[in-house]
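**Student:** Protein sequence lines correspond, in order, to chains V and H.
Going by the working numbering, the letters in the first sequence line up with residues 1 to 638, in that order.
Going by the working numbering, the letters in the second sequence line up with residues 1 to 335, in that order.
One thing to keep in mind: the hints can contain errors.
The calculated lysine-lysine pairs, modelled on DSBU-like cross-linking and capped at a C-alpha distance of 35 Å, are [stated by the list, open to error]:
1. Lys-212/V with Lys-52/H
2. Lys-52/H with Lys-310/V
3. Lys-130/V with Lys-549/V
Honestly, the hints are just simulated from the structure, not real lab data.
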Amino acid sequence: MLKLVVPVLILLVALGASVLTDRPQPKADFSFINRGDINTLDLQRMSWMQDFRVARILFEGLVKNDVFTWDYTPKPGVAESWDVSADGITYTFHLRADAKWSNGVPVTSGHFVYAWRRAILPDTASDYFKLFQLVDGAQEFYEWRTAALAAFKRGDDAQELWRETERTFREQVGIRAIDDRTLEIRLVRPVPYFLDICAFSCAYPVYPPLVKQYETVDASTGRLKIESGWTKPPLLVSNGPFKLVQWRFKRDMRLERNEHYWNPTAISIDSINIPSVEDPNATVLAFSSGAVDWVSDVIPPYRGDMLAAKQAFYDEHAIEVATMRTEGLDQLEIDRRLPDDPRAHIHAIPAFGTYFYNFNCEPRLQDGRDNPFSDPRVRRAFAMALDKRRVAEQVRRLGEPVAGCLTPPGSIGGYVSPAGVPYDPPAARKLLADAGYSDPSRFITVEILFNKDSGHDLIAQAIAKDWQENLGVPVALVQREIKVFRNDLKKQNYMVSRAGWYGDYGDPTTFLELSRSTDGNNDRRYNNPEYDALLDAANAEVDPAKRLKILERAEKMIVERDLPMIPIFHYSQIYLFNAHRMSGISTHPRQEQNMYLVDMLDDPKGANRALAMPPRVRGSGRDLGGAVRQGTGGGTGQ
Amino acid sequence: MIGLIARRLLQLPLILLVIYTLTLTLAWAVPGDPLENPEGRRPPPEVVEAMKRQYNLDSFWSFYWSYLDNALGLRYARESLSGAAAWRTTDAAAHGEAPPARYIFDLGPSLQYEDWRVNEIIAGALPVSVTLGAAAILVALLVGVSAGVVGAVKPNSVADLSTLTLALVGISLPSFVIGTLLLLLFPVLLGVGKVASWGRLGDAILPALTLSLPFAAYIARLTRMGMIEHLGSDFIRTARAKGLPESRVLLKHALKNAFLPVLSYLGPATALAMTGSFVVEKVFNVPGMGQHFVNGVLNKDLFLIMGVVLIFATMLIVFNLVVDVLYRWVDPRIE
């Protein structure tokens, strides 16, 4: 009998040993769920919203956006001031003397040059290298290096090529450190949103003495390769308000105050914990059981019901809510002035992204048939026959605003988004008849392409019904696995497809460049020289106000006249947190949360004064506002 | 006994080589490009080509040999002997920053999670899965064996039927249903324990319970069958005729023999439980190994797939060996 106990004993020993090696951390001042683990902390390799969110806590760029202003004002970061030349082309940044890395070493302008070189080099394969080609000479350098890599053969001297690359960068690219505290950047043309790009995480500095240890010139390919490891504690050196203390893969991250940060008074918490939770249901349970303070992305299927419950709570306080809304109060401020109720802990916040439907604009379909959607009148007719309100209110049920345009209204200071086409089935029928389709039942069967998951099928069904009933055309649904779906989009192997896009930087071109005829993300193959010329004219315009006017005309052209895509609704980001307990979340549509601004209102640390957007009168902006992708990946969205 | 252990240990590398070859062949055939960022912009083709060459992804055989070279420690040995590694270390130390870590058995970088090497991923996830798996097998043993004994004492009685029914439920109910129900019942409704938390001993209870159910059910059925078979045999009649108390007859004589099939089942079961369950890990947010089997294949992360498969295979072989050794020790009749 004793012998039977032996297996049990072996198991007990294994259990005890593994438990002892794994001690939990003390509770952090603030913990939030960032939807699973992040992909990378290599700033120049990042492209996901979750990664950027952590990067903004750990690192700091030349400037940073004030997320509690409507125009996202760039504020001094590592640079305490900057001068712009009269022609708007040369920026000179003056770095503050007390900007330090988490190891106490001062941040110098050379560190920025090094980081920007990483972003520009094709070797890094940065998702955002195009943004950095606004720097004078960067595009030529990129093309030169790419060609040199392609021509490289086994046996060539990789070290020599690398030295030549370093030299070429110094001579050709318009970024240079004048001294340790002065950085000069020369652009190809005036870029009114350039400071916004400087505030973007890919443009933040990395600590060269560390990163260089992990870089080697690969002798067989000539490519500069980077080994992993330096992005993890205790190695990682960062220059932001917090430093990384622990990172356990797909488990958690722990951040603590960087004692060398130049502006300690801006911070109201000492530690941040970011557990990695992927299961949608578990994120909600973690919040309701008190394990986390903020869920950055609420995705379980029942979130529509949670928002309906919040609406019911608002209905109980209808008069107060209506009054506060007319005063233009921040939606979180409204929640704070109402009694604390668990139903009000869910927040739908307008996001910097739009859900839309693509038309294939090429004259012929992949199978050789004539493509009726090459005619803008047909596209407009289909757009006018689509009841967007029903999609947003009855299918999505997330309080997302109906979209007439691509650039979410109110997201960019000074820019007025066009209204788009109205929902008008009789006019749509007439337009279709004018285009030569007087008998819609003989129209070719319209195929709607979408990927499974995320409820795209439900939206496609609603839209198919609209087109069948309002226009009388036959419609078929085509559901594909995501990889096939993307491939079909890239090859124009579709008629109509679902799509989505999140903006990268604070300028309408982040949405409008999508429809430029030569853009790599122009899945629609919309090709209109008139539109391209407008974008070029905007690029050449030095006066920011005039430039925005030109862009407004361009957007009007695609959302009211040519309709290569039908904007359907603007995404909302769904958050879960108690506004009575916590401050620091901005409701600006750009949705770049700076978590170092968080203040737990019920603890003794910090000012315990809630931050909110300045009041905005209803009508000039938007009222209420789910997906995650920062901007890349045309036509994928969520 | 020593001959058995030596023979099995000699077989181990051969079996692993076969598993490695088969798995890599299958993983290589998975459609998709491991370097493709699922939703990102695509880097220029020249860069993708250079990256492919760097990871030896340009041909099956170059990957096959270079992976073996790294994973078996051959490369480490070569670099250490030639002094290349020492040069890198001093060069890095001169700059005052830590150099890249070197592993003797280097399982390569993860292609999907670019900040991590497979060695680090497994070092973090394996202890978690071992904790959970050990706890689950313990629970399964206790519950399964007691249920089996109770059932076998009076076959077809109410107690027997109800344990059999429970065993059937345990085998049939998917663990995401049981797991979610347990989560709803304990942390959410009763406020006992935490959701999506790992690190405290208590955190392992609910997932271990969920993970143990199918194992417990199987063990219960094995024990019950074995007990019923042995309770009808001659030596039990003799034991009872000697006037031994019934508890001694059951535990000492019948269970000892009935336990043998359970013991042989424990080998693969423990390996399976300790390398993680995708579903249980997902429901309880346990940072274990199971997720990497599934995500590795979905992302065609070749290094990660090979790493977790080889670890699983090694554990399976080793546990089977341990069980065989125990088996002979418990029952010397077996040769």
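**Student:** Hint by hint, say whether it matches the structure.
**Tutor:** So, going through the hints one by one against the coordinates:
1. Lys-212/V with Lys-52/H: Within the cut-off at roughly 22 Å; holds.
2. Lys-52/H with Lys-310/V: Violated, at about 51 Å.
3. Lys-130/V with Lys-549/V: Distance ~24 Å between Lys-130/V and Lys-549/V Cα, so the pair holds.
Violated hint for the displayed structure: number 2, the only one.
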